[in-house]
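**Student:** Chains as they are written, first to last, in the UniProt record's numbering: chain A, 1 to 456; chain B, 1 to 495.
Since the hints were derived computationally from the structure, they do not count as laboratory data.
Just to be clear, a hint being listed does not mean it is correct.
[Stated by the list, open to error] Straight-line distance between alpha carbons at most 25 Å, and here's what the computed DMTMM-like set of lysine to aspartate or glutamate pairs gives:
(1) B:281 - A:397
(2) B:210 - B:240
(3) B:179 - A:126
(4) B:57 - A:126
(5) A:346 - B:240
(6) B:59 - A:126
(7) B:23 - A:271
[As the list claims (entries may be wrong)] If you anchor each label on the Cβ, the simulated ranges turn out as follows:
(8) B:471 - A:157: 57 to 63 Å
(9) B:112 - A:445: 41 to 47 Å
(10) A:101 - B:234: 36 to 42 Å
(11) B:62 - A:110: 55 to 61 Å
(12) B:186 - A:146: 32 to 38 Å
(13) A:123 - B:113: 39 to 45 Å
(14) B:95 - A:215: 31 to 37 Å
(15) B:468 - A:110: 23 to 29 Å
(16) B:276 - A:4: 57 to 63 Å
(17) B:292 - A:123: 46 to 52 Å
(18) A:101 - B:114: 42 to 48 Å
(19) B:93 - A:304: 33 to 39 Å
[Unchecked claim] To give an idea of the chain B side of the interface with chain A (calculated C-beta under 8 Å), a few residues:
(20) 67
(21) 76
(22) 91
(23) 92
(24) 141
(25) 143
(26) 199
(27) 407
Source: prediction; values computed, not measured.
For each residue, glycine too, the CB sits at the ideal point set by N, CA and C.
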Amino acid sequence: MRRLPDAASRGKSITMDLEGETVPAIEGEPVACSLIAAGESVLARSIKYHRARGPYCFSGACSHCLMRVDGLPNVYTCRVPARQGMKLERQNAYPSAKVDVFEAIDWFFPKGLDHHEMFAGVPVAEQVMAKVARQLAGLGLLPTAPAPERLPVETVRTRVAVVGAGAAGLAAAQVLAAQNLPFLLLERDNVLGGRLLSGVPEADAPPPPAEGLLAPERVRTRVTVIGLFDDEEGRFLAAVNEGTGEPRLLRVYAERFLLAPGGHPPMLPFENNDLPGVYASHAASLLVRRYGVAPEVAALVGSGPELYALARLMTERGTKVAAVVDLKGPVPADAPAGAVQGSEPKAHGHNAVSGFSYQDASGRRVKVACDAVLVAVAPSPSFELARQGGAKVEYDEAREVFAVVADAEGRTEAADVYVAGDVRGARSAAQAAADGRRAAEALAQSLTRAAVGGKS
Amino acid sequence: MSKALVCSCEDVTVEDIRHAVAKGFRDVESVKRFTGFGTGVCQGKSCLSAVAALLAKEKAQKPEGIVPFTPRPPLYPTELSLLASLPVDESKPPVGGVPQELDTFPATLRPEGAVPTRARVVIVGGGVLGLALAYNLSLRGETDVVVLERGYLCAGASGRNGGGVRMQWGTAANIELAKRSIELMGRFARDLGINVWLRQGGYLFMAKTKAVAERLERNAALHNKHGVPTRMLTLDEARDVVPGLSLKDAQAVSYNPEDGVIFPWPFLWGYANACRKAGIKVETYTRVTGFELSGGLVRKVKTDRGDISCDTVVVATGAWSPEVAKLAGVSLPNEPHRHEILSTEPLKPFLGPLVSVLDSGLYFSQSMRGEIVGGMGDPLEPAGLNMGSTLRFVSRFARALTEQLPNLGHVKVLRQWAGCYDVTPDNSPILGRTPGLENLLQLSGFVGHGFMMAPAVAERMAQWMTTGASDELFTRFNLRRFHEGKLEREDMIIG
Ligand SMILES: Cc1cc2nc3c(=O)[nH]c(=O)nc-3n(C[C@H](O)[C@H](O)[C@H](O)COP(=O)(O)OP(=O)(O)OC[C@H]3O[C@@H](n4cnc5c(N)ncnc54)[C@H](O)[C@@H]3O)c2cc1C
């Protein structure tokens with residue numbers, strides 16, 4: 001990974017302390033982004049086999065980038081903004097994450113390790129194993145200091161709580177604003193737009209939100225919703241608000257919940273899919289679009305339109321695309337040259353990607369050299385909040401994901417929960433926006449009906 | 001080494017998923033528990049759909065049977081100190097809880113075909129008690145047994161508990177049972193071929209009021225009489241056992257180094273596996289819907305997969321026992337009470353014993369995997385089968401925990417869930433014959449400690465059932481005691 005030469009300087013140059021070494025960073029950029037741009041690819045060791053890990057998803061949805069940051073264990077470095085002098089340590093490795101003797105576990109158990117049956121009932125071995133296992137278990141060390149006294153919880157009451165400021169959530173919020181319905185839009189990122197800004201570009205996508213699109217009191221950024229709960233006062237979203245300095249717990253009680261949290265970048269199972277240098281397409285597009293960080297040579301693997309759009313984006317930004325392997329096919333006519341249908345993908349390299357191979361249509365194994373493998377598959381809908389709110393979730397066999405069950409207007413099985421966008425199963429940004437509008441209109445209608453005492 | 005990872009938080013590979021399927025774990029909840037996928041820092045965000053696709057591809061499950069595991073709050077790891085900032089009105093009972101079970105176990109998960117039409121013994125409930133009993137019956141040669149479980153193995157309290165096992169009890173009966181159970185747990189891997197990770201790091205009880213302190217002291221003496229090495233610790237000694245522990249307001253501390261924690265799930269798999277090997281049928285996703293009675297006996301057990309005629313029926317449905325007994329017209333005095341619990345990010349080992357503040361019901365320990373697992377009873381929790389999670393609980397627990405171990409403030413909660421205690425008026429189980437229905441046997445009412453009692457109680461019950469020899473356990477804890485008013489209250493209950 002490297003910083004693109006043409007990337008506009010985006011912030012103050014600072015330094016961080018990585019286990020005693022000074023590494024350059026850009027203030028405010030995610031720590032993991034600065035680290036990979038500085039050539040640090042191994043950020044962690046995995047819990048059981050001590051496999052080398054570097055960031056994969058850049059959305060706090062895996063565990064590849066967890067580090068000890070300023071004395072706190074298991075911090076998502078893909079989400080934490082870099083600050084001058086930050087102290088970073090890799091975890092779960094001895095003597096260091098680059099050379100970890102426990103990597104031997106990975107080699108000793110090529111077929112994996114069934115901890116349920118291993119040494120079960122073998123008198124001495126069993127006890128030794130229990131002791132060893134306990135010492136090997138766990139990721140980080142205990143925090144060094146107690147937490148400060150936290151700010152008191154903030155409680156907000158509104159008519160509609162909207163989660164997610166991507167295409168769907170933004171479109172919904174605009175409808176609600178136009179109808180003068182009090183609402184609050186909560187976004188985990190520090191900017192509005194979701195993948196309109198950081199995703200793989202789509203030709204028919206709505207434009208990213210203009211400055212002042214929504215009244216400031218209607219929007220909160222850097223607010224991470226952690227659950228849809230209920231208590232004696234009604235249903236509410238619980239969230240952690242980091243938008244105003246010190247983190248603080250926030251409760252938002254609402255009459256309706258419009259959930260548009262999008263999806264999580266999933267792991268695509270193939271050999272060495274966890275090697276540092278393997279990135280989810282979301283991560284690759286975010287890195288190149290927002291932070292001007294990109295691989296030199298990338299192999300792309302996956303399926304669906306995003307695979308090809310990502311190939312175009314990377315090529316445009318100067319990355320050499322060494323392979324585009326469509327696991328489902330057929331390869332569309334307008335696909336970038338060289339795209340093929342293939343199977344059995346595999347990443348190669350020791351502690352970092354150095355190559356990628358796959359089986360082509362004739363059964364031949366084809367290998368290319370590269371420093372990154374980019375995985376483009378449809379996101380897994382983030383159905384958690386909807387399910388907590390009582391919506392039904394079903395397996396979508398064609399897309400191979402779980403999605404929230406809803407009608408065309410986004411109504412779910414729970415009367416006060418509406419959904420829009422990728423949470424219903426991956427769709428284009430334009431479709432997501434249309435979803436958002438429809439759901440907001442239906443929701444607004446349900447509120448007016450409730451106000452006049454009618455029943456649908 | 002080349003591996004294809006599905007869940008990279010827990011290092012679960014494609015091979016591991018296939019291995020689980022080959023071992024008979026075919027639904028998402030069971031595969032999750034057996035492989036550990038989805039239990040790590042990301043809580044399934046990056047792996048759940050990949051596992052689902054694999055199960056579909058392996059034909060482990062028909063598509064309609066592929067349902068996601070229950071998404072537990074919080075959606076993202078959240079620091080205890082933040083959760084502790086929520087004020088809780090302790091004068092009001094808790095309300096609600098999420099997620100509520102929708103359609104608990106979809107009919108699509110029900111196995112095809114009917115259940116056997118006859119069995120000598122039918123055990124209702126595939127929790128640790130039902131399965132341990134079936135296993136012990138098989139050891140005594142009784143294998144004409146069917147175990148009926150409405151969900152997956154681990155769906156009930158046996159899959160939702162804290163894994164604490166202790167000999168520090170307030171009655172002789174419980175001390176002796178727990179002693180025997182822990183002995184059997186120590187041999188479990190040898191007997192049943194699966195690791196249960198018994199770790200005897202001790203139990204440290206703290207009392208913050210005089211009355212509770214006196215109880216601890218009195219009970220410690222009783223423990224010693226039964227050969228249990230419980231000691232009253234000075235505050236300095238307590239600090240040595242748990243570095244960093246706040247002893248503010250502590251009036252007394254008792255400690256038995258031989259108590260410990262286990263990993264609950266493998267017990268169920270181990271028992272079920274041994275039962276099946278012996279020819280016992282363990283039928284999951286099969287619900288008991290009624291009983292056919294005549295002449296003071298249960299003749300048939302009705303299920304959603306057909307009826308089974310039988311000689312003996314055992315009700316081992318934990319918190320569901322009142323509901324199930326009612327199907328036979330029997331009214332039980334036990335009540336389900338939700339108990340919430342949570343688990344944090346995994347940390348390197350730093351905490352030896354399970355620590356409990358007996359006055360407030362706070363308890364916490366460090367699991368083999370390094371997570372802090374703990375809970376705290378809510379005195380105002382209303383009766384009812386509720387398995388939803390509340391923000392109120394995490395908040396109360398976080399505050400109480402960080403008071404005891406301030407350095408945990410920055411530690412993040414990964415998931416919270418709930419199970420139901422099966423609470424009896426005297427905190428003691430309900431065992432033995434049912435007055436008026438002689439062949440309906442009770443095996444319920446184990447409040448918050450049934451897991452650690454199961455191996456020993458099941459052993460005694462199987463002996464009693466197969467030999468006909470009398471055993472005072474089954475008279476002492478008989479349902480009759482509630483009419484006769486002979487209650488023996490256990491006072492070392494957490495929560
Ligand atoms: C939060 C929590 C923490 C706990 N901590 C501890 C601890 O640290 N140590 C300890 O020893 N104990 C602990 N316990 C208690 C312990 O888990 C229980 O006492 C024990 O698991 C009870 O086992 P069981 O087999 O009776 O019930 P369960 O495990 O609940 O099994 C009963 C089964 O019956 C099934 N069932 C219900 N209705 C039907 C029907 N109609 N047809 C067929 N099947 C049916 C259910 O699905 C369930 O699987 C805790 C409990 C909870 C909830």
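**Student:** Against each hint, give a clear statement of whether it holds in the structure.
**Tutor:** Hints, verified against the model:
1. B:281 - A:397: violated, 32 Å
2. B:210 - B:240: Between residue 210 (chain B) and residue 240 (chain B) the Cα gap is close to 23 Å, so the pair holds against 25 Å.
3. B:179 - A:126: At roughly 21 Å apart (the allowed maximum being 25 Å), residue 126 (chain A) and residue 179 (chain B) satisfy the hint.
4. B:57 - A:126: Violated, at roughly 36 Å.
5. A:346 - B:240: violated, 51 Å
6. B:59 - A:126: violated, 35 Å
7. B:23 - A:271: Judged against 25 Å, a Cα distance of about 23 Å means the pair holds.
8. B:471 - A:157: 57 to 63 Å: holds, 60 Å
9. B:112 - A:445: 41 to 47 Å: Holds: the Cβ-Cβ distance is about 44 Å, inside 41 to 47 Å.
10. A:101 - B:234: 36 to 42 Å: holds, 41 Å
11. B:62 - A:110: 55 to 61 Å: Roughly 33 Å apart at Cβ, these two residues miss the hinted range, so it is violated.
12. B:186 - A:146: 32 to 38 Å: holds, 37 Å
13. A:123 - B:113: 39 to 45 Å: Roughly 42 Å apart at Cβ, these two residues keep to the hinted range, so it holds.
14. B:95 - A:215: 31 to 37 Å: Since the Cβ atoms of residue 95 (chain B) and residue 215 (chain A) sit about 33 Å apart, the hinted range of 31 to 37 Å holds.
15. B:468 - A:110: 23 to 29 Å: violated, 54 Å
16. B:276 - A:4: 57 to 63 Å: Holds - the Cβ-Cβ distance for residue 276 (chain B) and residue 4 (chain A), about 60 Å, lies within 57 to 63 Å.
17. B:292 - A:123: 46 to 52 Å: holds, 49 Å
18. A:101 - B:114: 42 to 48 Å: violated, 56 Å
19. B:93 - A:304: 33 to 39 Å: violated, 49 Å
20. 67: holds, 7 Å
21. 76: holds, 5 Å
22. 91: For residue 91 (chain B), the interface hint is violated, since the closest Cβ of chain A sits about 11 Å away, which is over 8 Å.
23. 92: holds, 6 Å
24. 141: violated, 23 Å
25. 143: Residue 143 (chain B) check fails; min Cβ-Cβ to chain A is 22 Å, beyond 8 Å.
26. 199: holds, 7 Å
27. 407: holds, 6 Å
When each numbered hint is compared with the structure, violations occur for hints 1, 4, 5, 6, 11, 15, 18, 19, 22, 24, 25.
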